[in-house]
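Protein chains: 2
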Amino acid sequence: MRDVAEHAGVSVRTVSNVVSGYTHVSDATRARVQRSLDELGYKMDYLARGLRSGRTGFVALAVPFLVEPYFAALAQAVIQAAARRGITVLVESTGGDREVERRILAGGLTNVADGVLFSALTAPAADVPPAGPDFPLVMLGEHNVSDHLPRVGIDNVAAARTAVEHLLAQGCRRIVALGRNGSENGRQRAEGYQQALSAAGVRRVNWLVEPVDDWTREHGYATVRRLLEGSGPLPDAIFAFNDALAVGALRALDASGVRVPDEVAVVGVDDIPESAYTHPPLTSIAPDLDVIAERALGLLDAQTRAAGRTGTGDAAEGAPDADADWHGPSEATPFRLVVRESSLRPAPAP
Amino acid sequence: MRDVAEHAGVSVRTVSNVVSGYTHVSDATRARVQRSLDELGYKMDYLARGLRSGRTGFVALAVPFLVEPYFAALAQAVIQAAARRGITVLVESTGGDREVERRILAGGLTNVADGVLFSALTAPAADVPPAGPDFPLVMLGEHNVSDHLPRVGIDNVAAARTAVEHLLAQGCRRIVALGRNGSENGRQRAEGYQQALSAAGVRRVNWLVEPVDDWTREHGYATVRRLLEGSGPLPDAIFAFNDALAVGALRALDASGVRVPDEVAVVGVDDIPESAYTHPPLTSIAPDLDVIAERALGLLDAQTRAAGRTGTGDAAEGAPDADADWHGPSEATPFRLVVRESSLRPAPAP
DNA sequence: GCGATTGTTTGCAACGATGCAAGAGGCAGT
DNA sequence: ACTGCCTCTTGCATCGTTGCAAACAATCGC
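Chains as they are written, first to last, in UniProt numbering: chain A, 1 to 350; chain B, 1 to 350.
Certain hints may be false.
[Claimed, not checked] Ranges of calculated distance between the beta carbons of each label pair, as one might list FRET restraints: (1) L40/B with T23/A: 35 to 43 Å; (2) D38/B with D97/A: 18 to 26 Å; (3) D27/B with T29/A: 34 to 42 Å; (4) A158/A with D97/B: 34 to 42 Å; (5) D290/B with A158/A: 39 to 47 Å; (6) L40/B with N181/A: 35 to 43 Å; (7) S16/B with S11/A: 45 to 53 Å; (8) R187/B with G182/A: 45 to 53 Å; (9) G230/A with V338/B: 53 to 61 Å; (10) T23/A with V19/B: 50 to 58 Å; (11) R103/B with N181/A: 38 to 46 Å.
[As the list claims (entries may be wrong)] Beyond 10 Å from chain A on every Cβ pair, some chain B residues (computed): (12) E6; (13) Q80; (14) E165; (15) H166; (16) Q194; (17) P273.
Hints are computed from structural coordinates only; laboratory data are not their basis.
Ideal Cβ placement from N, Cα and C applies to all residues, glycine included.
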């Protein structure tokens, strides 16, 4: 920047003004500086800017596994939404590791990112500081962590209910829920499943919630395989808590020669891209990832602005905090049921 | 850091020495500083360190689309390999946009990352500076960009040849190649396809290379759909240039009632996770992503060290450059053929 | 024609860390 | 006791940028 300043015959500060789009710069000066900028191939040092201004233009996104299609799609949506705001995303893969997740909640990414979007898996409730984190943080999806953290995601109970209601409408009565585990997410989807069955008056003996450790294709496959080898009567539908499980289930059914949807209907959640290409194409609950990403970034922004006091400039003090708005569980984001062949019974029963 | 220094009764510099693991610090001092560090909850500011030391501990990874399973898997591998080295990965999604890719080659990520791993899609050959980039850069996979850039990836010609040889061994003779496009990658896989057919003495009239714009499920589906509706004789095998295309092809075959592998065998490249769960499970060429990630980071490291002169410290000058080693096309990384049902003909022809 | 207002440019210090080199203390050798 | 050579610790300047506020110039109202 000093070089550019000399080359253009102005002060360093003026160059900074031009670069950062300060209003009060004469057109003549701006043009001259701009020319020098181009000529010398100036590139802004984002580190230095971040150090001085306290804002880096980065947002960190932490997800358990990037290879899981849902998280990949989520990441893509966040990256795109961030790009629209001129923000760069720093993707961190926690591997679902408790320790890594704890470090994130403790602020491990704070000074390099203006805010953190965190999709927790193990979600260590005890690991969040009692007073809440001292940096902008938004949770994605459901989790076990403190209620005081802002979060963005669909209403899992409603989503599960919608999926199961669809199966009921197709005439299914012995519906297996696949995916219950220790997570809050799993609890909620099981809850929605139960609500739908209760409301439809399905006899309790027909409920079956299959526990699954991880929501992956592998576990879906193995669990359904085991289910089919069991002695009980065949279910007429499987509600998988996510599409990866459903994909595994479809594979297991296919391998066992069970016809889908004629013998067993299948529904998943997430509507990952591959769900349109399974055998048969998978019915799924599709969250609007763009809305999730957009809203999450908006909430981060609100926090950043509300907490303007800390580390922004040389002088201290700021607004007394707007507190409301982003605090508390925000409104759930929209989702819709995408019906494909895997759940379309030839002749819906009465 | 100043606070910690006061609290421990030492100079700021000594705290820095402790934090960065400098050798000549007495055990007593180290312990005392460490205690203050913990007590005050000190967190290193990576921006400041990066600004002063010239190294940030970040590596940027630029891929076209994170939702494409291959790139997600690649990213995951890179993130893991980087974590082992104490490096954080900054993931950038170019969207395959020419302008974005140009900006990356121009060094848009330089001062925030110590090096860049770049998986180019449009690969603008003209956009790389004639003298080569002035920052550590490693290309992932094949590309059209300058030969002088170090790159890491499998031998695409050999991979394609292997895939096609496998189909030939299964008795297939009328093999369609699916995926030729403008990319270098596509050219090489087509080349391997041709080599295998030539070597096997398959009559030229049986060659068929189907062009495809993007290597996605959608394009694979649409292209095969069109192929099946055509008047020509049915192929007995499809060699898809990647698994996403193969997945689309499988869906199209399934939708048209064509049995796989009995009527048409299918092979893909990449061995993405979902390939083990398709109908039927997909035979594929599996690159070793861990080796790719590891080697790529190693090459970056070599470049970083070789170019130690620029911007490292206050004084100038460094080693006279090792030049060799990372220069020129490095040895191809290993791959293997993973045989699944999609290519297993019931009775291999003579 | 003069102070007030607005518009434009600038100097200085600082963000939080590290490179460099020198200072302080201890110990052995002569 | 003096020198030389360790080990340990420290002060100062600096990375590239922006916050703050002052300086200067031009314009305006009366």
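Comparing the hints with the structure gives:
Judged by the Cβ atoms, the range 35 to 43 Å given for L40/B and T23/A holds: they are separated by roughly 41 Å. D38/B and D97/A have their C-beta atoms about 22 Å apart, which keeps the hinted 18 to 26 Å range intact. The hinted range of 34 to 42 Å is not satisfied by D27/B and T29/A, whose Cβ atoms lie roughly 58 Å apart. Restraint check, A158/A to D97/B: a C-beta distance of roughly 37 Å satisfies the suggested window 34 to 42 Å.
Distance hint for D290/B and A158/A: a CB-CB separation of about 41 Å, consistent with the stated range 39 to 47 Å. Between L40/B and N181/A the beta carbons are some 39 Å apart, a value that agrees with the proposed interval 35 to 43 Å. Between S16/B and S11/A the Cβ separation comes to about 32 Å, which falls outside the hinted range of 45 to 53 Å. Separation of R187/B from G182/A is about 50 Å and conforms to the stated range, judged on CB atoms against 45 to 53 Å.
Taken as a hint, the range 53 to 61 Å is violated for the pair G230/A and V338/B, whose Cβ atoms sit roughly 31 Å apart. Checked against the hint of 50 to 58 Å, the C-beta distance between T23/A and V19/B comes to roughly 41 Å, which is inconsistent with it. Taking the beta carbon of each, R103/B and N181/A are about 43 Å apart, inside 38 to 46 Å as hinted. Consistency note on E6/B: stated as away from chain A, and its beta-carbon is indeed over 10 Å from all of that chain's, at 19 Å minimum.
For Q80/B, the non-interface assignment is contradicted: its Cβ lies about 7 Å from the closest Cβ of chain A, within the 10 Å cut-off. Interface exclusion of E165/B from chain A stands, the closest Cβ pair being 27 Å apart, more than 10 Å. With a least beta-carbon separation of about 22 Å from chain A, H166/B lies farther than 10 Å from that chain, consistent with its non-interface assignment. Against chain A, the non-interface label of Q194/B holds: every CB pair exceeds 10 Å, the least being about 29 Å.
The beta carbon of P273/B sits about 6 Å from the closest Cβ of chain A, which is not more than 10 Å, so the claim that it is off the interface is violated.
In this structure, the hints that do not hold are numbers 3, 7, 9, 10, 13, 17, in rising order.
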